[in-house]
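*Asks:* What follows is the residue order along each chain.
There are 2 protein chains.
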Amino acid sequence: MTFHVYDTTLRDGAQQEGMNLSVADKLAIAPLLDELGVGFIEGGWPGAVPKDTDFFSRAAKELNLKNAVLAAFGATRKVGQRASEDPQVLALLNSGAPVITLVAKSDIRHVERALRTTAEENLAMITDTVAFLTGEGRRVVIDAEHFFDGYRFDPAYSRAAVLAAFEAGAEVVALCDTNGGMLPNWVGEIVAQVRADVGPEPILGMHAHNDTGCAVANSLAAVEAGCSHVQGTVNGYGERTGNADLITVVANLELKGGRTLLAGNGLEESSRIAHAISEITNISPYARQPYVGASAFAHKAGLHASAIKVDPDLYQHIDPTRVGNDMRMLISDMAGRASIELKGKELGFDLSGQGELLTRITNRVKTSEANGYTFDAADASFELLLIEEVNGERPPYFAVESWRTIVERTGHRGTDATAEATVKLMAGGERVVVTGEGNGPVNALDHALRLALTTVYPEISAFELIDFKVRILDQMQGTDAITRVLIETTDGHRSWSTVGVGPNLLEASWEALTDSAIYGLIHAGVAPR
Amino acid sequence: MTFHVYDTTLRDGAQQEGMNLSVADKLAIAPLLDELGVGFIEGGWPGAVPKDTDFFSRAAKELNLKNAVLAAFGATRKVGQRASEDPQVLALLNSGAPVITLVAKSDIRHVERALRTTAEENLAMITDTVAFLTGEGRRVVIDAEHFFDGYRFDPAYSRAAVLAAFEAGAEVVALCDTNGGMLPNWVGEIVAQVRADVGPEPILGMHAHNDTGCAVANSLAAVEAGCSHVQGTVNGYGERTGNADLITVVANLELKGGRTLLAGNGLEESSRIAHAISEITNISPYARQPYVGASAFAHKAGLHASAIKVDPDLYQHIDPTRVGNDMRMLISDMAGRASIELKGKELGFDLSGQGELLTRITNRVKTSEANGYTFDAADASFELLLIEEVNGERPPYFAVESWRTIVERTGHRGTDATAEATVKLMAGGERVVVTGEGNGPVNALDHALRLALTTVYPEISAFELIDFKVRILDQMQGTDAITRVLIETTDGHRSWSTVGVGPNLLEASWEALTDSAIYGLIHAGVAPR
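Just so you know, the sequences run in chain order W and F. When the letters of the first sequence are read in order and numbered with the working numbering, they come out as residues 1 to 529. When the letters of the second sequence are read in order and numbered with the working numbering, they come out as residues 1001 to 1529.
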């Protein structure tokens, strides 16, 4: 049987707190979903949300999807109106999307108390809208809203809604746990009953939310009980606790269940695609996300580290390359010497048999982390620490004499502030004094450092600061706060992260900026001049 | 049957990437776990980890637990050594913990390839260590490591390990999905088989990790199949994708399954406790966390907002007060006028029937969010926006003329930088010019603003900046980055969040700082002077 992987990142995912997708964002995400290999991309609600109308109009011209078809989301016709005359329904048709997904009420309480109509009229709304749109040549999916809650309250009515949709020509009825309160055994039982009601042919789908922490398991239970269409979102985005994380659901079904659901080698690209999408949504990736999270295959326990050297497969539930992820050894104050040795190997340093050096590095890591550094998020800074300990010093690209930033705003709210930074340093045997301007103090410091170094090291012009994170540490200790800055820099091909720590935000930023320049120059193969 | 809620936040949770718990942190978290009402608090591995040895020694003197007992985690005796002479085992005894939890191998491949001993010796290690410790009067829990993977490979050996533990006097055998690769139906089947093997009496436990996104569902499946002891961590902390989120597991079992598992009204305190623990671990809370997350009962869709006005119970899977959480309406550019009206009501503004005003506010929210503001994370800034639109202006506490910050470091790495800020403003009819110093520029600006206002508004001395977050927006647009600053301030009783946005980090900070002062003065009942 054909299996549908149906993505609703751009519609239900966009309901997430803090997410705000522009049309350009949606046009950038859709090709990534297509590359992932999903069958359906639900793009939004044309007609109801103006930017979604734009999205479908631009998508038709600008997108060239290879695997997926676009679905427009909307609702069944209004109470008492003809489907063919309902502007909301016509907007769906006019979106040009080949698939139209209609939310339909299937809980009698919602029909009576929220929609304020009769049981019969709601069924007629389903029948009419499905018949109209299929008559116009569209494939129709019904999202049976609040299905499980409704079924537990009045199974006959919820069943009637499903049957009405199929009889009118719907291709799929997706059973929605809209409030997210279901548990896997409840889902399994109800889906099995519905499957028995509708017979073996019609395509039943599952739409889960994670309010009980069971969205993935509920999706799996539904598939086991007879669903062959799963809806979800990349990174589990969605309102409240989010929707089912589509990549996790699919990875479980493919890697544990032996199915092939995504087009191409989608799963092997899934870590990259999940992170690329989080760059666009600007929602920080969740490190603990199953399969694709930065921590998903990261090991820190000293106990494990020594055993992993013996046999990595004993400590991983799957080979991380199956989802495009990597095993990582984390450097932290819980790391034993075995972890440091493995991490060194990962970075090209053979530390085996160098007991004293390993102890020194391990102790320095522990001390630094106690002071607020975090090397598991800043591999580049850890590598510089290794280089210092192994070689006795960092490559002496430059020596800083002083720096200063001035930021000021004269005038009222709305007037722009100005920022400048002056840096004095020695590089290539010359003393350099430069002033850089910027949007803000870190930007000005970055510009000034770059300006000061660019004559001697023109390679630095390829580096670009792409992320900057600030965290206040030690609030609970009652002492003055310490600031930790993480900076991510790219040279256009790869990116690296450095960390700076201190009571002063700009001093911490300066540490991370200079570390980043040094690391970048080392990896550009540049010798100190 | 007694049910064990067994917390391992302080031991397995501490394996999480980026987490670094001091003894003081552990001593601060343990009373919160006790307040939550768990039965067991696993505190660490005394003997193996020096700070865990300290923890148990200080816990015995300093903690006064009402509901929980402490468990010390360790391993079965070494290969070829007597349990009574193994320093690691003796350290567990010397910790004074009434419960000792021993990790024991139960996967024959790990016995042979990682431990490098025989099947028989591993069973003897379990028997000897359990017998020795129970002989010394301790309650013993066995964590059967890699149990499910082992059982799927060689069920007879894994079963033998469980039986050996019970025969030697273990009170509980917790079946561990150490690599986290299980799915709920696999767990259910295997636990049912083990239950049949050991008979109805012995206490079986479940220890799940979230690598398939099913840690919660796996725990529920295990309980359904015969486990009466669940292990997990607050906030799902743990290595890789984390452990089972203990609060989610318990909330499902209590609220959906009708059991009572936590002492006192623990579940009703769980949102507060989960957040308090994240303050100590300094790991940002995950907004989408089930039950206790900041977004768990937050609604943004305009579609829902209008219906929620009719009947909130139709849109929530449980009453959020059952877990000490709240329903929130989110203000965002997807918000319709109904959401804004509801949010206004929440804040004490009756906007019903004021169509034009509502439209103006809704449009301003949409425009601001398009420029980078995020009101769903900054209620105080939203309230100031409401006040401006309702009253035509904010209360004129002060008028800023200009501000400037200078940060400089003369001297090499390791020398402290200095930061100062000069603020010129009018307040109480006087022109004030002050310079404040600080650890960094935001701290200096905060001090200067406070100093400038404190004569006229002494109430401001009670306000304290407690959190400061920075995020770079719009990286994908190719234009210069915009910075968003979120500031949280407290007056000792309640806290509020404000947002500032701009190309300059310090200008954005200044906006959030001044908004925070204005909001705080309004809620302190102070009139402009």
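The hints are simulated quantities; they were obtained by calculation from the structure and are not laboratory data. Note that beta-carbon positions come from the ideal geometry of N, C-alpha and C, so glycine has one too. Just so you know, not all the hints are guaranteed correct.
[Stated by the list, open to error] Pairwise CB distance ranges (calculated): (1) T1002/F to Q81/W: 53 to 63 Å; (2) T1321/F to D313/W: 23 to 33 Å; (3) S1402/F to T359/W: 49 to 59 Å; (4) V69/W to T1490/F: 35 to 45 Å; (5) L1347/F to T118/W: 36 to 46 Å.
*Asks:* All hints, please: hold or fail.
*Replies:* Each hint, compared with the structure:
no. : hint                          : in the structure
1   : T1002/F to Q81/W: 53 to 63 Å  : holds (60 Å)
2   : T1321/F to D313/W: 23 to 33 Å : violated (47 Å)
3   : S1402/F to T359/W: 49 to 59 Å : holds (54 Å)
4   : V69/W to T1490/F: 35 to 45 Å  : violated (51 Å)
5   : L1347/F to T118/W: 36 to 46 Å : holds (37 Å)
Consistency note: the structure conflicts with the earlier hints numbered 2, 4.
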